[in-house]
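Participant: Each chain, letter by letter, is given below.
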Amino acid sequence: MAPLILKNGAISAKSLTKNYGEFCAVNNVSLEIPKGICFGLLGPNGAGKTTMIQMIQASSPITNGKLEVLGMDTISESREIRKKIGVIPQEDNLDPDFSVRYNLLVYARYFGIELDEAKEKAEELLKKVELTDKADQEINNLSGGMKRRLIVARGMINEPELLILDEPTTGLDPQSRHSVWDQIRIFKNEGKTVLLTTHYMDEAEILCDQLAIMDSGRILIQGNPKELIKKTIGDDAAELVALSFGKDEETLNLIEKKCKLMKVSFSRVTDRIILYGKEIENIISEFNDEENLTDIIRRRATLEDVFLNLTGRQLRD
Amino acid sequence: MKEIQGISPQMVYAVWRRHADVWVRTWRTNLLPPLVEPILYLLGFGFGVGAYINEMGGVSYVEYIAPSILAISMMFGAFFEATYSAFVRMYYQKTWQAIAATPASASDVLVAELLWATTKSVTNATLMTTAILSVGYVVNQPLISMQGAVLMPIVAIPIGLMFAGMGLILTSYTSSIDWFNIPFFLFVNPMFILAGTFFPLSEFPPIAQNIAMCLPLTHAAIVTRTLAYGDGIENLIFSVTYITIMTVIMTYLGVKLCLRRIVT
Ligand SMILES: Nc1ncnc2c1ncn2[C@@H]1O[C@H](COP(=O)(O)OP(=O)(O)OP(=O)(O)O)[C@@H](O)[C@H]1O
Ligand SMILES: [Mg+2]
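Chain order of the listed sequences is A and B. Numbering follows this note's numbering, with no gaps: position 309 of the first sequence is 309. Numbering follows this note's numbering, with no gaps: position 105 of the second sequence is 105.
Treat each hint with caution, since some may be false.
Computed Cβ-Cβ distance ranges for the label pairs, DEER-style [stated by the list, open to error]:
no. : chain 1 : residue 1 : chain 2 : residue 2 : range
1   : A       : Asn64     : B       : Val150    : 54 to 62 Å
2   : A       : Glu22     : B       : Val36     : 49 to 57 Å
3   : A       : Thr132    : B       : Tyr173    : 43 to 51 Å
4   : A       : Ala135    : B       : Lys256    : 34 to 42 Å
5   : A       : Glu117    : B       : Trp27     : 24 to 32 Å
6   : B       : Val150    : A       : Gly21     : 47 to 55 Å
7   : B       : Ala20     : A       : Thr132    : 22 to 30 Å
8   : A       : Pro174    : B       : Ser176    : 33 to 41 Å
9   : B       : Met146    : A       : Glu130    : 56 to 64 Å
10  : A       : Gly223    : B       : Arg17     : 39 to 47 Å
11  : B       : Glu203    : A       : Glu22     : 48 to 56 Å
In silico lysine to any residue, SDA-like type, Cα no more than 25 Å apart, as pairs [what the hints assert, rightly or not]:
no. : chain 1 : residue 1 : chain 2 : residue 2
12  : B       : Lys94     : A       : Tyr102
13  : B       : Lys256    : A       : Cys24
14  : B       : Lys256    : A       : Glu22
15  : A       : Lys134    : A       : Leu172
16  : A       : Lys134    : B       : Arg17
Hints are computed from structural coordinates only; laboratory data are not their basis. Think of the CB as a built atom: it goes at the ideal place given N, C-alpha and C, for glycine as much as any other residue.
Using the sequences and the hints given, assemble the complete structure.
Facilitator: Dropping the structure here:
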């Protein structure tokens, strides 16, 4: 399928490749992200998500291909691009030498924002992420969730048109997580574009209008989350759970064999096999009385199923 | 690539301001400690050891080491900042990485590091000059000339830049902060003694003299000494040329090698 060319694309990558020395971290990726949507980039550890983001924020040079952000070229117009985007990095890099408020003011300076305006903007953003009470605190006195919220606020100091968030909710409690989600929704409702990476499939399903699943530097599949589930997995899934972890390999192996034989798609995860599609019942009926299975759970298919099915179950480094 | 690495004066200033802001916020802990050690050297060696030495290089011992101590404090100001402190910002605090997502470029960040390290060199020179003038006033023996005193912060600029560049070269290479101890103990500390700072080069055997003439601190000390006494300026050509060339090479290499490390 030829990549869809959209006139008003927020991000447009054509045959984008990134090598670190001999190692290829992003391999010939083509991607069109239209303006005004929330786009999710999913993939196991080491898939190349952060590498993609660093190229998109025009701070890491591309090796091959073409990459445009907000209609500008990442090579020749990198400063202009960075002026118009907000980045929430994967790693906390707040300035521990400054207070909460001063972190925002110093950051504003890099965007050429005048002090008075920056002060106003900082108060507004601190209120938005509910950190007004902490404005004069040192960074080291903040909890993980507060730091994240502050980084989100910092990423919006320049009123960006595109917000890029690299695993914005990793390690957050449900309250902080919802707070970050709210910021993303508010931002998107202003008609602006969001690009985010996450390892939480529920998060991707809830927030993203479109997403792509990457693995080993390539995009495996791309589209609307609901449609992706329907297309690759179908509506239904069932989990067959082994009795004791490790010991009942045999039973699971047997089920796996059967699935392959009957061409039923499945994922195998530690103590269980997850079955997908219409033929589920055929397999279940066969193993219904298997005493090495503790549980058979029928449920709706989710994005996590798509993810596991596509990227396999082996751990990544 | 060009754009990612281009230099913008406004951005360099913004990054420099960040470092200056940190310094101002913690000035109480920043202002005095760098002065204590050199002043102890001045008093301890200058007056203590100096009591047993009639003269050195044609002047009293305390007058001999006062300009040396100025050169040393210029060196440490820049070198320390471009190594340990820069590494903390790069590696532990991820300050460089945070700035990389703003309109400032990696080159802006590195040039700002050089300028900030040089600023430290200039502040050290200013503070030490003031301290030396004060000590001179107290003992009623002007240790450096007034013209020399005024010029010290100015020559701290090229001298600071030279050592800042050398620092960045090390920072581009190091894998851990402890590693900096190696160049400090093997290079900086020996240079401290070898650079004609505490006794004149002419006392050295010829081979040691030749080695000393290759060391950057030797030339920094020649410059501060000449300015402090206010004579023999015309003999500075060699040292000034040395410092100029080294400054260009070291800052260029420092930025280039650090870029290679951080822009991947
Ligand atoms: N600066 C670098 N030099 C060399 N290799 C790198 C560099 N940055 C990333 N890589 C490698 O590129 C691959 C992709 O890394 P990347 O950080 O983009 O993955 P990711 O999808 O963000 O993973 P995670 O979910 O763990 O954050 C990894 O194998 C990583 O080791
Ligand atoms: Mg990542």
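Participant: Taking the hints in turn, state whether each one holds.
Facilitator: Each hint tested on the structure:
1. Separation of Asn64(A) from Val150(B) is about 56 Å and conforms to the stated range, judged on CB atoms against 54 to 62 Å.
2. At roughly 51 Å, the beta-carbon separation of Glu22(A) and Val36(B) lies within the given 49 to 57 Å, and the hint holds.
3. At about 44 Å, the beta-carbon gap between Thr132(A) and Tyr173(B) stays in the expected band of 43 to 51 Å.
4. At roughly 40 Å, the beta carbons of Ala135(A) and Lys256(B) sit within the given window of 34 to 42 Å.
5. Glu117(A) and Trp27(B) have their C-beta atoms about 27 Å apart, which keeps the hinted 24 to 32 Å range intact.
6. Checked against the given bound of 47 to 55 Å, the beta carbons of Val150(B) and Gly21(A), roughly 52 Å apart, stay inside it.
7. For the pair Ala20(B) and Thr132(A), the beta carbons lie near 27 Å from each other, so the given range of 22 to 30 Å is met.
8. In this structure the supplied range 33 to 41 Å holds for Pro174(A) paired with Ser176(B), their Cβ-Cβ distance being about 38 Å.
9. A hinted range of 56 to 64 Å for the beta carbons of Met146(B) and Glu130(A) is consistent with their spacing of about 59 Å.
10. For Gly223(A) and Arg17(B), the hinted distance range of 39 to 47 Å is satisfied, since their beta carbons lie about 46 Å from each other.
11. Taken as a hint, the range 48 to 56 Å holds for the pair Glu203(B) and Glu22(A), whose Cβ atoms sit roughly 55 Å apart.
12. A distance of roughly 17 Å separates the Cα atoms of Lys94(B) and Tyr102(A); the hinted pair therefore holds under the 25 Å criterion.
13. For the hint linking Lys256(B) to Cys24(A), the alpha-carbon distance of about 24 Å falls within 25 Å, and the restraint holds.
14. Restraint check: the Cα-Cα separation between Lys256(B) and Glu22(A) comes to about 21 Å, which is no more than 25 Å; the hinted pair holds.
15. Restraint check for Lys134(A) and Leu172(A): satisfied, since their Cα atoms lie roughly 18 Å apart, inside the 25 Å limit.
16. For the proposed pair Lys134(A) and Arg17(B), the alpha carbon gap of about 24 Å is at most 25 Å, so the pair holds.
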